[in-house]
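Asks: Quick note, the sequences are listed as chains A and B, same order.
First residue of the first sequence: 1, per my numbering; consecutive thereafter.
First residue of the second sequence: 1, per my numbering; consecutive thereafter.
Fair warning: there could be bad hints in the mix.
[Said to hold, decoys possible] Straight-line C-alpha distance at most 27 Å; calculated DSS-like pairs for lysine-lysine: (1) K67(A) <-> K94(A); (2) K110(A) <-> K60(A); (3) K8(B) <-> K94(A); (4) K244(A) <-> K52(B); (5) K477(A) <-> K445(A); (6) K35(B) <-> K353(A).
By construction, these hints were calculated from the structure, which means they are not laboratory data.
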Amino acid sequence: MELFELPAWKLGKMMESGEVTAVEVVESVLSRIEEREEILHCYNEVYGEEALQEAEEIDKRRKGGEKLPPFAGIPVAVKDNICVKGKDITCSSKILKGFISPYDATVIRKIKSQKMIIIGRTNMDEFAMGSSTENSAYGVTRNPLDTSKVPGGSSGGSAAAVASGEAIVALGSDTGGSIRQPAAFCGVVGFKPTYGLVSRYGLIAFASSLDQIGPITKDVRDAAAMLEIIAGKDNYDSTSLPVKVPHYSTMLEDDISEIRVGIMEEYNAEGVSEEVIEGIEEVIDIFRTMRVNVKSVSFPHMEYALPCYYIIAPAEASSNLARYDGVQYGISEETVEDIRELYRKVRTSGFGKEVKRRIMMGTYVLSSGYYDAFYLKAQKVRTLIRHDFERAFKDVDVIIGPTSPTVAFGIGERTADPISMYLSDIFTIPANLAGISAISIPLFKDGNLPVGIHIVGKALGEIDILKVSYKLEQELKERGLYHGI
Amino acid sequence: MDVRHIAKLSNLELTEDELREMEEHFNAIMEYFKKLSSVDTERVEPTFYVIKHQTPMREDRVEKGLEREDVLGIAPHTEGGYIRVPRIR
Chain A
1 MELFELPAWK LGKMMESGEV TAVEVVESVL SRIEEREEIL HCYNEVYGEE ALQEAEEIDK
61 RRKGGEKLPP FAGIPVAVKD NICVKGKDIT CSSKILKGFI SPYDATVIRK IKSQKMIIIG
121 RTNMDEFAMG SSTENSAYGV TRNPLDTSKV PGGSSGGSAA AVASGEAIVA LGSDTGGSIR
181 QPAAFCGVVG FKPTYGLVSR YGLIAFASSL DQIGPITKDV RDAAAMLEII AGKDNYDSTS
241 LPVKVPHYST MLEDDISEIR VGIMEEYNAE GVSEEVIEGI EEVIDIFRTM RVNVKSVSFP
301 HMEYALPCYY IIAPAEASSN LARYDGVQYG ISEETVEDIR ELYRKVRTSG FGKEVKRRIM
361 MGTYVLSSGY YDAFYLKAQK VRTLIRHDFE RAFKDVDVII GPTSPTVAFG IGERTADPIS
421 MYLSDIFTIP ANLAGISAIS IPLFKDGNLP VGIHIVGKAL GEIDILKVSY KLEQELKERG
481 LYHGI
Chain B
1 MDVRHIAKLS NLELTEDELR EMEEHFNAIM EYFKKLSSVD TERVEPTFYV IKHQTPMRED
61 RVEKGLERED VLGIAPHTEG GYIRVPRIR
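With the rest of the complex left out, here is chain B:
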């Protein structure tokens, strides 16, 4: 397994030592997960959610949301009422 690639997909940078330890733990855990392959799941439906998933509709009425200042106040960088981000490329 390419732990380095998974770290990249996860937007994480790991040192060589961390990668080595992660790989060791990962392999042990994945070995443990293999237990599942012995279970017969032929014709078994998956359970993604335990309750029937619903998209409840609400009345179409304007409600007060969060205060703009409260929300912008927690962003690390703002400018002119917007959140500022570094260059996107």
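Isolated chain A (complex conformation):
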């Protein structure tokens, strides 16, 4: 077993006991990058030398008898839309070329205080708009499990990095499924926390009422530990919740017999592939065997979630992305007549096709005469989707379904038809609209591409989700449906 294959919690223990050094861990990951990166393209930039220096520093301090945090020396990949002071950040867009973050995002401050090592910034769909990491100005990322397939998106670089061992853990962001869907496609764990649990300060905004930062990891234990590190109230984000962060990782092995498990009735709806349906049925069987009572729950407004999202998210994006005008940062133009021309020129050459499409969709649904018919209507339907969850959570504590209707699809397969691309987020979007928590954990069967098992919980229901998914992960191992990396 190579070091890059191991989860962070195991490596942390090994470093603490002196069995391995931080330098050895970083070197293992860097050699993996050397080996795989040319094909996969997980990263927009790797900070190899700095990472090694930090690792040396950590080893020196440990040798000197200093007690360091459990994840000190663990290499973490960061999605290229989270600010790291003094580093470039592009959102995989040309428009931000040359932008250097003047400050650390709150999550970065937190992982730095744990002495984790930032190994690089990962590729993504431009401004997190996409489901395949094909909409990047810097080239596509490939799925490490099958390089003819997409890694999912928009946090495709982060998911592919963790799945390939080019990172031990990663941070992503999730607006409509951008952590969970790529985690599902690459066969790793992805967690979208409750809206407001993790500070968004320093996350470049896409749709502010939906965006949330979360971890992508090799297993549930790492997800719990990472969530513990990045969660918490932050004065720099007025939407961050004033809650005490529980010690998730110490509760994983707790008994789950009190947790009521629901299955989303719509899991086998039209468009869901056979292997995904089989995956969910396998999970139902696992719970039945464990004598966990599984109840079917229905979502009458499920089919409206996608159009609802594709009105609200672009509306917020069209407003958030108005700031890219060539004045304060990013690329600019020299020879322009006036400021209007500057705006037009910079935005036209700086944004990619999908971003332009979303800005225009957002502009349209917010424009006078259409606001009530589209935008306001969508916000009302959003309330009905929330009510669907509220009703379901009277009977159950977590709801299981697929993360995506299919396993990873081929590169180029859906780029010509935006709606077919949008459909891959149909199961993840409702959790963002309702602001609740959700995880994707992988199920591997017969050497096929993995199926993402989606477990949705209440607002601040992280503990229930983590306990159930930990248990499920153990059972998948028992049945040979678990791959590790």
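Model the placement of chain B on the given structure of chain A, informed by the hints.
Replies: Relative to chain A, chain B alone:
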């Protein structure tokens, strides 16, 4: 729908080919959105934010902000400590 007008409102310039493709995709997407009109939203309040919107007050204390040089350093054109812009008319 006037895609050209929406592009203008968005401060984007599209070529004729791009406009044609955008219009095609736009119409398909908007057709799909029409699904929503069949939902009864009579007496339903909109959800703009999932958490109760708050304007938390902080203690009135001076805190160190970002370094002026760091912030001006990322602007494409500066002059004498200011950001320089083209003519505004």
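Asks: If a hint holds in the structure, say so; if it does not, say that too.
Replies: Tested hints:
1. K67(A) <-> K94(A): violated, 43 Å
2. K110(A) <-> K60(A): Within the cut-off at roughly 22 Å; holds.
3. K8(B) <-> K94(A): holds, 21 Å
4. K244(A) <-> K52(B): Between K244(A) and K52(B) the Cα gap is close to 18 Å, so the pair holds against 27 Å.
5. K477(A) <-> K445(A): With Cα atoms ~11 Å apart, K477(A) and K445(A) stay inside 27 Å; holds.
6. K35(B) <-> K353(A): Given pair K35(B), K353(A) holds - Cα atoms ~25 Å apart, limit 27 Å.
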